[in-house]
Amino acid sequence: MKIMRAFITTLALLASLPILFGASRVEWLAESYDFGTFHEANGPKTGSVAFVNKGPEPTIINRVRPSCGCTGASFTEGIIMPGDTARISFTYNPIGRPGRFEKTVKVFFGEENAMKVIPISGTVIGTPETLNSDYPVAAGGLRLSDSRILAGAVTYGKSRNLFMRGYNQSNDTIRPVWTCDNPALSIGISTPAIAPGEVASFSFYFNTRDINEPGPLSIPVTFRPSEGAEDSFTVNFMADVMADTSAISPLEAKKGARIYVAPDLVDLGIVKGSKELKRDITITNEGQTDLIIKRIYCDRDGIRATRYPSKVPPGKSNKITITVRADLLPEGPSASSLDIYSNDPVHPVKSVRIAAIRE
Numbered sequence: 000m001k002i003m004r005a006f007i008t009t010l011a012l013l014a015s016l017p018i019l020f021g022a023s024r025v026e027w028l029a030e031s032y033d034f035g036t037f038h039e040a041n042g043p044k045t046g047s048v049a050f051v052n053k054g055p056e057p058t059i060i061n062r063v064r065p066s067c068g069c070t071g072a073s074f075t076e077g078i079i080m081p082g083d084t085a086r087i088s089f090t091y092n093p094i095g096r097p098g099r100f101e102k103t104v105k106v107f108f109g110e111e112n113a114m115k116v117i118p119i120s121g122t123v124i125g126t127p128e129t130l131n132s133d134y135p136v137a138a139g140g141l142r143l144s145d146s147r148i149l150a151g152a153v154t155y156g157k158s159r160n161l162f163m164r165g166y167n168q169s170n171d172t173i174r175p176v177w178t179c180d181n182p183a184l185s186i187g188i189s190t191p192a193i194a195p196g197e198v199a200s201f202s203f204y205f206n207t208r209d210i211n212e213p214g215p216l217s218i219p220v221t222f223r224p225s226e227g228a229e230d231s232f233t234v235n236f237m238a239d240v241m242a243d244t245s246a247i248s249p250l251e252a253k254k255g256a257r258i259y260v261a262p263d264l265v266d267l268g269i270v271k272g273s274k275e276l277k278r279d280i281t282i283t284n285e286g287q288t289d290l291i292i293k294r295i296y297c298d299r300d301g302i303r304a305t306r307y308p309s310k311v312p313p314g315k316s317n318k319i320t321i322t323v324r325a326d327l328l329p330e331g332p333s334a335s336s337l338d339i340y341s342n343d344p345v346h347p348v349k350s351v352r353i354a355a356i357r358e
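Numbering of the sequence shown is given in numbering that gives the first Met the number 0, commencing with residue 0 and proceeding in unit increments.
If you're looking for bench data, these hints aren't it; they were derived computationally from the structure. Keep in mind that this is a model prediction, so the values were computed, not measured. Errors might be hidden in some of the hints.
Dumping the calculated EDC-like pairs for lysine to aspartate or glutamate here, alpha-carbon to alpha-carbon at most 20 Å [claimed, not checked]: (1) K318 - D289; (2) K310 - D289; (3) K102 - E30; (4) K271 - E226; (5) K277 - D298; (6) K44 - D33; (7) K310 - E285; (8) K115 - D83; (9) K277 - E229; (10) K318 - E358.
Label pairs and their in silico Cβ distance ranges [claimed, not checked]: (11) G71 - D209: 41 to 51 Å; (12) F107 - G82: 18 to 28 Å; (13) S146 - F107: 13 to 23 Å; (14) G227 - A49: 45 to 55 Å; (15) D145 - S350: 23 to 33 Å; (16) E101 - I356: 51 to 61 Å; (17) H346 - N170: 52 to 62 Å; (18) I94 - G331: 40 to 50 Å.
Even glycine gets a Cβ: it sits at the ideal position worked out from N, Cα and C.
All chains should be modelled from the sequences, with the hints used to inform the complete structure.
Shown next, in the form of structure tokens:
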């Protein structure tokens, strides 16, 4: 009995002693993990890697850190004795994330807090609901994230680079093609071939130096999932090209052209039927050099400038004739803007408001 009590006391004493850790020597049974292709509808997917403690001393996993919130992780806790195996598990949440993914899980272990980076990857086949939300434009196997690319205001002489995502919803690899007739817009793709369920990035490079007139523009780009495919759709690249007045000196501004427009409000009153209405606007050059009219633009269907001068000498006036189709105006009250683009260094854009009530 005394021997048994002494044995138990000895075990308790040993258990209370600190475990000595040496430099970790581990052998990884796998150094990466590929989930393969799986469906978003099936929910989170779990995988794991493991290592064997090949050293003469115990080791321990201190912590595990996934690269993003879409991935959770767990690991073998406690002491890993020599010869024992430890496992790191990770779960990827595919909800709302169709396409190829590549993430990492960092494992910190041992007394020296060594780090091992485990790459994890896979391809998520999106649900119809997610694809309709994230990639609403479709033609055959190709889906795109946008039907319009909005560049906003871009100063003449500058360029802008924008991106759009594409997704392959088919069971075969596709090689998208596109056509664009405007030399100001160049389009590229991150990968010429998109595998089933994977995502590619389309780049749109817009160079204003290839634009002939200022103001709003829309450049249509036609996409097809592959060469010769019948299915197609059009994406509109939209920008507003503005004059660059940053380098104009005070003297140039003083001696330049100066535009004056009267009236700056055209009230058509109550309009009916399909009658065409015509109104004249007087444009005067109050500057010291020729006033050059570069463009007159209205974003409202049915309102256009049908006659206007290309040049107005200093101190002279001329007429702009506005033609309005009443049947193309929205019902009820409406207000539109007719924008006049010129070489006036102070006011490169002058706007005339057009008001009407269609019955």
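Going down the list of hints, with the structure as the test:
1. Between K318 and D289 the alpha-carbon distance is near 16 Å, which keeps this suggested pair within the 20 Å criterion.
2. Only pairs whose Cα atoms come within 20 Å are accepted, and K310 paired with D289 is accepted, the gap being roughly 7 Å.
3. With a C-alpha separation of about 13 Å, the suggested pair K102 and E30 falls inside the 20 Å cut-off, and the hint holds.
4. At most 20 Å may separate the alpha-carbon atoms for a hinted pair to count; K271 and E226 exceed this at roughly 49 Å.
5. Between the alpha carbons of K277 and D298 the distance comes to roughly 18 Å, so the proposed pair stays at or under 20 Å and holds.
6. Between K44 and D33, the direct Cα distance comes to roughly 11 Å. Compliance with the 20 Å bound is thereby established for this hinted pair.
7. At roughly 13 Å between alpha-carbon atoms, K310 and E285 fall within 20 Å of each other, so this suggested pair holds.
8. With a CA separation close to 18 Å, the supplied pair K115 and D83 stays within the 20 Å bound.
9. A C-alpha spacing of about 44 Å is found between K277 and E229, which places the hinted pair above 20 Å, so the restraint is violated.
10. Proximity of K318 to E358 is assessed by CA-CA distance (about 29 Å); at most 20 Å being required, the pair is judged violated.
11. Taking the beta carbon of each, G71 and D209 are about 50 Å apart, inside 41 to 51 Å as hinted.
12. Between F107 and G82 the CB atoms are about 22 Å apart, so this pair conforms to the stated range of 18 to 28 Å.
13. Between S146 and F107 the Cβ separation comes to about 46 Å, which falls outside the hinted range of 13 to 23 Å.
14. At about 49 Å, the beta-carbon gap between G227 and A49 stays in the expected band of 45 to 55 Å.
15. For the hinted restraint 23 to 33 Å between D145 and S350, the CB-CB distance of approximately 29 Å keeps it satisfied.
16. The supplied range of 51 to 61 Å is met by E101 and I356, whose beta-carbon atoms lie about 59 Å from each other.
17. With their beta carbons about 58 Å apart, H346 and N170 fall inside the hinted range of 52 to 62 Å.
18. Here the CB-CB span from I94 to G331 is close to 44 Å, well matched to the stated 40 to 50 Å.
The structure shown violates the earlier hints numbered 4, 9, 10, 13.
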